[in-house]
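*Asks:* All chains should be modelled from the sequences, with the hints used to inform the complete structure.
Listed here are the chains, written in short residue letters.
2 protein chains.
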Amino acid sequence: MTTNTTNSIPAGFEIRRIESRDYAGVTTALSGLTTVGDLSQSQFDDILAYWDTQLLPGRTDGARSYNTSVIIESATGRVSAVGTVFVEKKLIHAGGLVGHIEDIAVNPDFRGKQLGKVLINHLSAQGASLGCYKVILDCDEKNVGFYEKCGYSRAGVEMQVRM
Amino acid sequence: MTTNTTNSIPAGFEIRRIESRDYAGVTTALSGLTTVGDLSQSQFDDILAYWDTQLLPGRTDGARSYNTSVIIESATGRVSAVGTVFVEKKLIHAGGLVGHIEDIAVNPDFRGKQLGKVLINHLSAQGASLGCYKVILDCDEKNVGFYEKCGYSRAGVEMQVRM
Numbered sequence: 001m002t003t004n005t006t007n008s009i010p011a012g013f014e015i016r017r018i019e020s021r022d023y024a025g026v027t028t029a030l031s032g033l034t035t036v037g038d039l040s041q042s043q044f045d046d047i048l049a050y051w052d053t054q055l056l057p058g059r060t061d062g063a064r065s066y067n068t069s070v071i072i073e074s075a076t077g078r079v080s081a082v083g084t085v086f087v088e089k090k091l092i093h094a095g096g097l098v099g100h101i102e103d104i105a106v107n108p109d110f111r112g113k114q115l116g117k118v119l120i121n122h123l124s125a126q127g128a129s130l131g132c133y134k135v136i137l138d139c140d141e142k143n144v145g146f147y148e149k150c151g152y153s154r155a156g157v158e159m160q161v162r163m
Numbered sequence: 001m002t003t004n005t006t007n008s009i010p011a012g013f014e015i016r017r018i019e020s021r022d023y024a025g026v027t028t029a030l031s032g033l034t035t036v037g038d039l040s041q042s043q044f045d046d047i048l049a050y051w052d053t054q055l056l057p058g059r060t061d062g063a064r065s066y067n068t069s070v071i072i073e074s075a076t077g078r079v080s081a082v083g084t085v086f087v088e089k090k091l092i093h094a095g096g097l098v099g100h101i102e103d104i105a106v107n108p109d110f111r112g113k114q115l116g117k118v119l120i121n122h123l124s125a126q127g128a129s130l131g132c133y134k135v136i137l138d139c140d141e142k143n144v145g146f147y148e149k150c151g152y153s154r155a156g157v158e159m160q161v162r163m
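Residue numbers (full-length UniProt numbering), protein chains in the order written: chain P, 1 to 163; chain Y, 1 to 163.
Rather than coming from a laboratory, the hints here were simulated on the basis of the structure.
Careful: at least some of the hints might be erroneous.
Chain copies aren't distinguished; within one or between two, either way the pair holds.
Unchecked claim - Straight-line Cα separation of at most 30 Å, DSSO-like style, residue types lysine-lysine; simulated pairs:
hint, residue 1, residue 2
1, 117, 134
2, 113, 142
3, 149, 117
4, 149, 113
5, 89, 149
6, 117, 89
7, 134, 89
*Replies:* Laid out in structure tokens, this is it:
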């Protein structure tokens, strides 16, 4: 793969799978991205528990479909960034896997530390290690340059319909 | 929602969830779209069985994450089109659901019957009935006009990295 992985996590930060205690930090970070709405700690925990049950097929390593990671400021435990790579099982590419990067948010208090790039590189590498033949994401035109620096190229047009 | 649902399925065709007996027709249709590779009947059946196990959370109606439909020529049982709406459970939008339309293919023998539009309308409506707040898809620039006729609007840029 061509993903740029030269950016490692800065000193004083760590990256790990999302946990229940990340509720406040994650919902705050995601609020900077889009509508989070009225999501209680209990509903948050239910979604994490659901994600944990969604396993990839034919694997003995417990590999999951939903892989949400947080970057934590080690000294304080604060959530500085959050993002997901969801892995889809397809018929095409001989029953191949495709990673979908979703809902990337960096807490504004932690901007300028390249945490967004660290997070994308982590999620891309996770998709590769799970066996994806590609990882895709949708972004605004203004963020294309950022994702190109993370090793991504333009692939198409995202279309949507709202219900 | 604004999806155009004025196109109903033409006489002599039916639409239903994918089944094991669709193996040859589905792999043929998908081969016109992209690389299908060496996918045996047994592997095909294993993927369908896996998809059947992936249920949406907190539901008593057996609603599934993977929803792949085929349009069948009733008289012959031939697969004339295939497509999927995958439903992702998110934290944002109060734990909302987003539908991802994937891997749309129409068998060339059945072009000119608006089966592609019928299929997209079906998958969009299925996403709505499953509770999605939006349905998204990625397409080539040349297909934007087709999806606009199905009620979709431009939303962003698809980026990818290949492994």
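*Asks:* With reference to the structure, classify each hint as holding or not holding.
*Replies:* Structure-based check of all given hints:
1. Proximity of residue 117 to residue 134 under the C-alpha cut-off of 30 Å is found in both arrangements, the shortest distances being 18 Å within a copy and 27 Å between copies.
2. Taking the closest pair of Cα atoms, residue 113 and residue 142 come within 30 Å of each other only inside a single copy of the chain (19 Å); across copies the shortest separation is 39 Å, beyond that limit.
3. Taking CA atoms no more than 30 Å apart as the test, residue 149 paired with residue 117 passes inside one copy only; the shortest distance there is 8 Å, against 37 Å between copies.
4. For a Cα distance limit of 30 Å, the shortest separation of residue 149 from residue 113 inside one copy, 15 Å, qualifies, whereas the shortest one across copies, 43 Å, does not.
5. In the homo-oligomer, the alpha carbons of residue 89 and residue 149 lie at most 30 Å apart both inside one protomer (27 Å) and across protomers (29 Å), since each shortest distance falls under that limit.
6. In this assembly of identical chains, the alpha carbons of residue 117 and residue 89 lie at most 30 Å apart whether taken from the same copy (26 Å) or from different copies (24 Å).
7. Proximity of residue 134 to residue 89 under the C-alpha cut-off of 30 Å is found in both arrangements, the shortest distances being 12 Å within a copy and 21 Å between copies.
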